[in-house]
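There are 2 protein chains.
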Amino acid sequence: MRQPTVYLLSCGDELLFGHTVDTNSAWLAEQCTLLGWRIAGHRTVGDVTPDIIMAFLDATARADAVILTGGLGPTMDDRTRQALAHALGAELREDREALTEIQAMFRRFNRPMGENNRVQALIPDGAERIVNPNGTAPGIKATLQGAKVFCMPGVPREMREMFRLSVAPVLREAEGRAHEVMRRLHLCGRGEADIGAAIRHLMRERSNPEVGTAVAESIVTVRLYAKGETPAEAEKTAAEAEAGIRAVLEDDVFGTDGETLAACVIGLLKERGARLVTAESCTGGMLSSLLVDVPGASAVFVEGTVAYANEAKIGLLGVPRETLEKHGAVSRGTAAAMAEGALRRLRANGPAYSLATTGIAGPDGGTPEKPVGTVWIACSVLDAEGKGMTRSVRHNWAADRQGIRMRGANAALDLLRRTLLGRPSNYPVEGSAWERP
Amino acid sequence: MRQPTVYLLSCGDELLFGHTVDTNSAWLAEQCTLLGWRIAGHRTVGDVTPDIIMAFLDATARADAVILTGGLGPTMDDRTRQALAHALGAELREDREALTEIQAMFRRFNRPMGENNRVQALIPDGAERIVNPNGTAPGIKATLQGAKVFCMPGVPREMREMFRLSVAPVLREAEGRAHEVMRRLHLCGRGEADIGAAIRHLMRERSNPEVGTAVAESIVTVRLYAKGETPAEAEKTAAEAEAGIRAVLEDDVFGTDGETLAACVIGLLKERGARLVTAESCTGGMLSSLLVDVPGASAVFVEGTVAYANEAKIGLLGVPRETLEKHGAVSRGTAAAMAEGALRRLRANGPAYSLATTGIAGPDGGTPEKPVGTVWIACSVLDAEGKGMTRSVRHNWAADRQGIRMRGANAALDLLRRTLLGRPSNYPVEGSAWERP
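Quick mapping for you: the protein sequence lines, in order, are chains A and B.
Okay, so the first sequence: first residue is 111 according to my numbering, each after it adds one.
Okay, so the second sequence: first residue is 111 according to my numbering, each after it adds one.
Treat the hints with care, since some could be wrong.
Same chains, same names: a pair is fine if it fits in one copy or spans any two.
Stated by the list, open to error - Calculated cross-link-like contacts (lysine to any residue; reagent style SDA-like; alpha-carbon spacing at most 25 Å):
#1 K258 / M313
#2 K258 / R314
#3 K480 / S542
#4 K436 / A200
#5 K251 / T433
#6 K480 / M215
#7 K436 / E302
#8 K497 / E540
#9 K436 / T210
#10 K337 / R533
#11 K258 / G151
Simulated from the structure, these hints should not be mistaken for lab results.
Model, not experiment: these values are computed from the prediction.
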């Protein structure tokens, strides 16, 4: 039985010209792979009706299913429904249920519905609408050249829910689907080459499972992709490979699949009944934002300060002016004083932790001694008796402003995780004790 | 003279399976379009040597140039250099200069160089290396089937600099390049359909310039794409269209091309000699992070607080406990008290502004009265005499946790921008005066 194939089309001048990054193809590729379909290809087309018609005809000739996202909006440059009607040789008609849903959506959000939005209720004759619970543009389901065609809006949140509700169930019915298991293991605080060398014996080409690595903003991901003749066999192959990787990398692995470093840290703090505060300079709120992005963070994360100016470091966090003058804003002393100052103001009954970042994110401000990319991270812990311990690490990254800030935020979370687990850092750590009076 | 074409290939299982989003194709598409080349297509291939060889042969048959990113790393699953050597029918040899550069890069960052990294100095016979000033993997330049081939690492920062230094100059030499001008105008605080209706007369298919819209996290972008027989003609067409759009949308347009809303707001505050503080709950540092992402933000942005827990709203910002108990954490009263509290602690000589956010980002915590997606934004201004004025707006978005938080941060910046410009909001604003004792 041949494995069913799906072709992914992304529609929009903003994608073709590169104004917008296509995140939908990646998401859909992952979902379809997990459903046991093979990805025949990804392609991007602009907002030109004949190009979209050609893409529909070409993709339906190549694959068993075609999923197109984009071009279903209310403006003149949204041409997917016209193109699909032409490809099908069908007329567009107003779908009454679709119109009712669109009107209800506008009522729900207390917005007036423009005449423009009415075109979103048009569906080619013989096609079916796909309900969109989260937006005004319904999707379209049709059959073209024997292939199933699914059109959905490009707005990720709308598309994803529609995929789950209406597309995945259809894909799940296909015969010949592979039994595949994907797993990703995430690490921070070790280089990609170092990790690659450690698991080199598992990274053979065309092996089962296939094992690879990728890196983004200091977080290395080891992914494995296992196949089997049955779901159980695929799962067994994946589990064995995962165990082999974990045996080598141990608890440098902080999470699996969708788990973030922030979620891991919040989980560890919850287990210990501990609370967390942050004091950020160069990361400027990115660190607290990663924490707040975890649902339920409020059980652990109390408050954060963004002390960007020196006066804020003094006023908000009580960093001694002498420390700033003697060692500079980007120094071990300032990072430690920020972390300790953030804890001093907190009245905690149990153990409490703090994270501080201060660095030079560029593009200007670097010196030979402290080049752009220099970031000091401090992690401080205060017990219920008022005894504190601060650990500080200096990093130096070659990246742009946003990249340095992202790595700073991740490195701070990594330092806290290693502190919580009593695990050594791969970078030199300086420790110092302090007390809350 | 036919317009030269370029085909973009992205290489990596992490892209094919959808674990990583391909941002390089968008960036390269934009750069190549701006250089007057036509984008023949985007395609993604996995880490399988024969697939990469086939992609090289197929793309070089279709276009005048091929740009591949990815697969040049130090690990076993990086197969671009082997695949290119096979496609060229050439042997790989160690490039001495490349090896010297790699060794220097490791010394610069004080890291030990593993044996793994040595493979990055391999280049097919007859090909040339492309210098990578920001990383350990050099690129490769070759000619295959008469087409120019450029291979670069997938790390965006490395790839972009290599493109600027070594690829763009070659593309610029081609004949037949189109004279094209792209421009993007960004707006916040108005819906996409509303904006589309206002400029409907400019959005004809296959017109010159082509005009389209896109939306991401409440920011609507109107893009125009003008062609001409000469650069001056293309520029004239673009300028006329831009003037036409601005005549309709007026100063709802906050920026052009790469300009962000945060940069716009920081520019306006600088002009007025005013300073800014933030007080965030649901956005959790995202707002301050957007501000800090602007180089030179320190001239304006003093400090931010992330008062996520109620005790932090009371302790850090002096929100009255009665306000929290009577109206709840997500209310006009709490948002205003947060904005005012952030200003009270600031000793400013000139005018000072503050922004506060409090909302329900979900997935839990919604009620029929305050569903998930409810966010209160407050903007307060305090003059040198201690007289303050606070404007508050309630929003309600249908999005996921991250989307609601992003829109909250953007809406806060939009409210401040409209306040600074004395421009009305498209949402009902409640105002109230206050005084600093």
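A quick look at each hint next to the structure:
Taking the shortest Cα distances, K258 and M313 never come within 25 Å of each other, neither inside one copy (36 Å) nor across copies (31 Å). Taking identical chains as interchangeable, the C-alpha atoms of K258 and R314 are never at most 25 Å apart, the minima being 36 Å within one chain and 31 Å between chains. Taking the closest pair of Cα atoms, K480 and S542 come within 25 Å of each other only inside a single copy of the chain (22 Å); across copies the shortest separation is 47 Å, beyond that limit. When the C-alpha separation of K436 and A200 is checked against a cutoff of 25 Å, the pair qualifies neither within a copy, at 76 Å, nor between copies, at 59 Å.
Taking CA atoms no more than 25 Å apart as the test, K251 paired with T433 passes in neither setting, with 65 Å inside one copy and 51 Å between copies. For the identical chains of this complex, K480 and M215 are inter-copy neighbours only, at 17 Å across copies versus 54 Å inside a copy, given an alpha-carbon limit of 25 Å. Taking identical chains as interchangeable, the C-alpha atoms of K436 and E302 are never at most 25 Å apart, the minima being 37 Å within one chain and 52 Å between chains. Taking the closest pair of Cα atoms, K497 and E540 come within 25 Å of each other only inside a single copy of the chain (17 Å); across copies the shortest separation is 47 Å, beyond that limit.
With identical chains, the CA atoms of K436 and T210 are never at most 25 Å apart, being 68 Å at best within one copy and 39 Å at best between copies. In this assembly of identical chains, K337 and R533 lie within 25 Å of each other by CA distance neither inside one copy nor across copies; the values are 34 Å within and 59 Å between. In this homomeric assembly, K258 and G151 come within 25 Å of each other (Cα to Cα) both inside a single copy, at 16 Å, and across copies, at 24 Å.
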